[in-house]
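Using the hints, build the complex out of the two chains.
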Amino acid sequence: MTFSPRLETKLARLLESYPKGRERAALIPMLMYTQDEVGYITKELAQEVAKRCGVTTLQVDEVVGYYTMLRDRKMGRTHLQICTNISCLLVGGEELWKHACSKLGIGHNQVTADGSISLEEVECIGACSWAPAIQTNYDFHHHVTVERLDKIIADLRKVQ
Amino acid sequence: MVNLTIDGIAVQAAPGTLLIDAAKQAGIKIPAFCYYEGYSLQAACRMCLVEVEKFPKLQAACTLPVAEGMVVRTEGAPAVKARKTTLEFLLTNHPLDCPVCDPGGECELQDMVFRYGAGESRFTEVKHHVDEKQWSPVVYYDAPRCILCYRCIRVCDEGMGVNALGITNRGAFSEIVPNMGDHLNCDECGACIDICPVGALTSGTYRYQTRPWEMEHTGTICTHCSDGCKTTLGSRNGEIVRGNNRDSSGVNGEFLCIKGRYAFDFVQHEERLQSPLIRRNGKLEEASWAEAINLVAAKFGEAKGNTGVVGSVHTTNEENFYLRKLAMQGLGTPSVDHQRSGDVHTLLDALAGKENALAAVDDLYRAKAVLIVGADLSEQHPLLAFQVRANVRHHQAAVYTVTPGPVREDKTSAKAVRCAEANLLDGVRGLADELKSKGDLTILFGDAIKGQAVRDLVAFGDSLGIAVKYVCLVDYSNSRGAVDMGLVPGEGGLSIPQMLAATDLAALWVVGADPLAGGGLASKGAFVVVQDLFLTETAKRADVVLPSASAYEKSGTVTNGAGEVQRLVKAASVMGAKPDLEIFGLIARAMRIDVGRAQNEAIFEEIRKTVRGYNVPLPVIATGGAARTQPLNGRLGSIPDPSQVRSARDTLFTSGALGRYSKILKQVVEAPGALYEG
Chain A
1 MTFSPRLETK LARLLESYPK GRERAALIPM LMYTQDEVGY ITKELAQEVA
51 KRCGVTTLQV DEVVGYYTML RDRKMGRTHL QICTNISCLL VGGEELWKHA
101 CSKLGIGHNQ VTADGSISLE EVECIGACSW APAIQTNYDF HHHVTVERLD
151 KIIADLRKVQ
Chain B
1 MVNLTIDGIA VQAAPGTLLI DAAKQAGIKI PAFCYYEGYS LQAACRMCLV
51 EVEKFPKLQA ACTLPVAEGM VVRTEGAPAV KARKTTLEFL LTNHPLDCPV
101 CDPGGECELQ DMVFRYGAGE SRFTEVKHHV DEKQWSPVVY YDAPRCILCY
151 RCIRVCDEGM GVNALGITNR GAFSEIVPNM GDHLNCDECG ACIDICPVGA
201 LTSGTYRYQT RPWEMEHTGT ICTHCSDGCK TTLGSRNGEI VRGNNRDSSG
251 VNGEFLCIKG RYAFDFVQHE ERLQSPLIRR NGKLEEASWA EAINLVAAKF
301 GEAKGNTGVV GSVHTTNEEN FYLRKLAMQG LGTPSVDHQR SGDVHTLLDA
351 LAGKENALAA VDDLYRAKAV LIVGADLSEQ HPLLAFQVRA NVRHHQAAVY
401 TVTPGPVRED KTSAKAVRCA EANLLDGVRG LADELKSKGD LTILFGDAIK
451 GQAVRDLVAF GDSLGIAVKY VCLVDYSNSR GAVDMGLVPG EGGLSIPQML
501 AATDLAALWV VGADPLAGGG LASKGAFVVV QDLFLTETAK RADVVLPSAS
551 AYEKSGTVTN GAGEVQRLVK AASVMGAKPD LEIFGLIARA MRIDVGRAQN
601 EAIFEEIRKT VRGYNVPLPV IATGGAARTQ PLNGRLGSIP DPSQVRSARD
651 TLFTSGALGR YSKILKQVVE APGALYEG
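Protein sequences appear in the order of chains A and B. Mapping to my numbering: the first sequence position 133 is 133, numbers consecutive. Mapping to my numbering: the second sequence position 371 is 371, numbers consecutive.
One chain only, chain B, in its complex shape (with noise of 0.2 Å):
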């Protein structure tokens, strides 16, 4: 260890530590605007110029690694005097219209103007102009405000391995430039405005819409894909108006994909539904709950076991345990089930009896090597895309791709192969030697893989003699708690093409999910009923639609695709809608049911002691951690038949039921965007 003074105080960084970073550890803060840390180094803005002794000069702490027996001022005289001097070179061309610019009081360089009181200027020349532009529906620039520190250039190419920006011209007259000229072609993330230190990248959808302050800020997981980001929605008034991630406690950090950012907004989509519906002389009338409610107890009183249940994949762990329970025990039918997106079943029961071989969201940045099979990581799964990278450019990780077609990881991988989906366990057998001599490894796979593949898949990795750990790639928020909450086909119930195909179904009932969308049901006389956010396909055959809330309504746990279970917490309402937990309390109620209280923490703590692998520390959980489960005890009794798991295959800019509601992902030119593309 290196030993320092920094500000008097006695500190202890470890050798190539970044004086900036040792401060930090210190408790002491430098300023830096083009410093951030887990991107290159810029050494742009000059803002962390700090003595030290024995040098002549100013030092940027931001590049200067440590050195024994350094004696470093942060605050003295001179420095304070440098950092004047740069804000006032930084505001020279800046607008100063704080009050009206958008992220006025989120402003880095307000910050500092009014930490160093930086507040007059020596320039009266005339400030240089230029046009505010606008680059997509998400994404303006405004390049008088642009402070050239480069975080979103770097954000852009390093994180997301986008390389969408860059710069031109020089001087006072560089600004930040678009991949297309005057447009973005890019993953539309918006990492470079949450990046941005000023008002320079500023979001379509939020700027001008409030003040920061003025927002309630809730942090919740983003309901659209598996991955379990954390994303932190602003609302005002009950409405979101801006999701973020300025709660960066999550398993992503910082990172958000499109979806994260800006696609709560089918929340607010018009064709919400707000009242019940029941279907009287054919059509589909508005009702009071009451009525629609017992009209549905009494039909499933009259059906009982001859009922099919479809469950959801955005539903919360607790919604779907209390399901299950209400379909198998209150309703007396095994036929439940919900759509699989990838075989979980046999990799758990291929995985019985070993631990730790289940991956985390954060082992994608440790593994020291990273195995993807059949899937396109970057456009299904950003977040894991985003933690593989990551772990390229800090650890040197090594990479393999086995994938029908290009991605973009094959740019930073040791090796990229390309075979039919059909065999792509031969792609995989042929990086054998290669892998044997890496520490350990970290394989992910998408739907291509199932039933005999996974556990050929398994025995693969067995055969390679190093820590092998798996993640099934599964599609949606909560794809993952639905498998782990048992929403499959009990002793001798229906699947849901057999639910559907049944000709003698006298009750289906529908929970977010739209499986007539594809074809018709064969029961003519089936009473069905569907709780849903919109009037899906599956809706319009209803006979009783009840309008349920979204996962951005309401609080409960889901559980991401590394089988990670989060908090959902209630950061928006909508007239009308009930969560689902609240509608199934109501059914349970009006049949005279008991299976327990329909109620979060009730279901919990039963899941916790019921549920495998779920026995998960509750104080993580309440803080807003992600709390791993451990499902590896035993086989598993039964395993579903693994030929009806199939992924949507969604892209980025696609969300299955919920993206046709997103304006924001269908206004985007990438918009709708294709898988194995590069």
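Excised from the complex, chain A in its bound form (with noise of 0.2 Å):
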């Protein structure tokens, strides 16, 4: 398996950065950029991780099995991800979750049926000075309002 060119030198630079014999190392960072290349962690990829980086495709499992962010089925083009651990909860992240729950007609991991947006509750995502937080994919919106997050899924609809 290869990657895109600009991809293929920020692995090799990775690698790179850790000590001879410690390629293991470099596990979860190319899982987490090569999942962005691929779209999610497909049996094909972890065999090749499992490859550069010296580990057994099992250990790969195990790791992709530990972080919710590596993810071993297809997502939305958008992973939309609310937040309803305590500060959020605390200023409505549980009404955001909610409403985007019935707005998109989908639950916790479930991708909407054109496979545009996909939703997530997440715990912290260190973002609780500006409660209540979401992300989309890697882009955070702040103070988020049930209006606001209208907006933003009509917005990543449009883009779409």
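These aren't lab readings, by the way, just hints derived from the structure by calculation. Worth double-checking, as some hints may not be accurate.
As the list claims (entries may be wrong) - Below, simulated DMTMM-like cross-link-like pairs (lysine to aspartate or glutamate); rule was C-alpha separation at most 20 Å, straight line: (1) B:Lys411 with A:Glu23; (2) A:Lys43 with B:Asp182; (3) A:Lys51 with B:Asp543; (4) B:Lys304 with B:Glu677; (5) A:Lys74 with A:Glu48; (6) A:Lys51 with B:Glu677.
Below you can see the structure in the form of structure tokens.
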């Protein structure tokens, strides 16, 4: 399995940043970067990363199973993550979550029928000061209200 | 030494000793699920928390090294409270169905809850349930029972070198996963089941058959390969239902492979012979023992010295010794042989006069360097491979492999050399400089090294200038014993190929072997007598077939490949079959031949007196220990033709004729397996 030249350069640099024989240290970032390009951790991808990091495929599966940000199945083109941890919960995170569910007609870790948006209820995303916060792929949205959430979703659909 | 106090007892321990081990030495057992001697530390279960003075919090005894002046309380109120809480947490999702759970009565979690009286729970939530999964014919996994101690993962990774188990998800949803997603591809050794403290991993062949306390447990020696593992057979009503290693007193400690743990099922195979057969009008028909024995005695009486005798590599030393005596002295035939699978004779001859040059199983765990020549150790000799892996793990031993293809040992070896079987010694010679720098060396070699090559290998060992020990690898449970008891042609005697080729052979007596599997018998008129468990190819050609008992159905002694004598103990019985020794006795009596009593103790006493190296201490044997034979006291008189040394090259999932009648060995997806695939 090969990746885009840009990603290959990045991965090569990544592997160089750890001492020789410790390639396994690159496992998590390598999974993150390649997931961004491939979409999710396919069986083939897991095997490729295992080979490059010198671990077994089973060890890659262990890591993918552990971290929620690594996914072993296809999600929406935009992955909408809504925080319902304590800070966000206190200022309306729960309402945002319920609203998104009913608006998109999907639940936790589900994808809309057209494959454009997937939804995930997440724990703290480190944006408590600007709660309630949500994340669309790698973009953060602060002080989100139900109205702003509607607009974000509408914008997402427009872009796509 | 470090001085410390545990529960008011003054304890001395070497620096670096873990607190849990130091306590054990003092007779104080600190409870633990995840800690397991010999494997890496985990500190996952929190059961071993103890109070240590001047530490603000409870400490995990499994990872805390002892320190001078340390004062420890293992069963104080805070530690007990912590353990009760840990148990309460472990039970939040654990089903409380001990009465119908397979390991009930042998469950460490059950024992701990009982010990700490942690019967109450504050959790009222619905338990998280996941359905049970079958990973292979021998391994089942029930996730809700799993306490995530990682023992199975570590025994598979470190002990077996297989890496077949992992863990996925997290928190309460964590579960163990097999390497192939929904099934296992591994050694199918069942070590994970044995080491599991609860009922999460259960054995496909044993689960729900019986309760542990309803079985009789018999520690005997596995009858498959030549490693000589002790297997504890659990039997009920004379039928074996489980093999494991709860009696970890054998040379194998806790180790067993699929053969030792599961492949006892040939005993109850429906094709077992249970009555003597006599050929009448060209067909084998059932007959009485008296009729069969009298016929054999009459025919042997006529054939006398023109009889060929083929012995077994699974029968006991006593049987082999008695058979040789009965054949050579009673019948007067020098034509006695068995299928040799390693050139032990040449090795013993080449080592004449050297002391301590033969390695025992334990030496593989202690040697500073190990050289494996022409053998796929993990496939052919799983215990020896396990010992070498443990040696690497615990003592950083240097392992060298010189093999025709990749082997599992390569992964942990200092150097792996590939060369064809014909030039193995060239590969070995290339390692000379490296090996010289090691303190001592143990060399294991397979059947490709025979005759002059064995002498060359010993000469190479001598040239290194360090202490070298050898193991000549042989195939089966008593291959070595058959050599030592002298089941080889005497003066002017015929070897197996010569017996089969002789056109005037009057009788052929085959005990637990299948020499006609590959071809016919030249002497058409020969009267063929076969003693076996099954109707083998040879038995189909026989005039009389006598049903014999397997090693699990008799007592006696066997000698493993490393020359250690161990005792068999009867664990099962199959109606109609008799131990070979009893059959020999009946034949001798019917022929009015007196070569001594056909009785184990009497014959073993004679073996101790007359077979060189076998003057072993009786208490060691009697208590189920392994006694080392030391046969190095001079040159051998004659050495049988090395060209006939041939290993069957069994894998982990084959075991010669016995393997063909073990359903479990054939059921697993890995069967039949292959050598040199790494």
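Evaluation of the provided hints:
1. Restraint check for B:Lys411 and A:Glu23: satisfied, since their Cα atoms lie roughly 17 Å apart, inside the 20 Å limit.
2. Restraint check for A:Lys43 and B:Asp182: the C-alpha separation of about 14 Å stays at or below 20 Å, so the hint holds.
3. Note on A:Lys51 and B:Asp543: the hinted pairing is violated, with a Cα-Cα distance of about 60 Å set against a maximum of 20 Å.
4. Taking the CA atoms of B:Lys304 and B:Glu677, the gap is near 49 Å; set against the 20 Å cutoff, the hint is violated.
5. Taken as a hint, the A:Lys74 and A:Glu48 pair is honoured in the structure, with Cα atoms around 18 Å apart against an allowance of 20 Å.
6. Proximity of A:Lys51 to B:Glu677 is assessed by CA-CA distance (about 19 Å); at most 20 Å being required, the pair is judged to hold.
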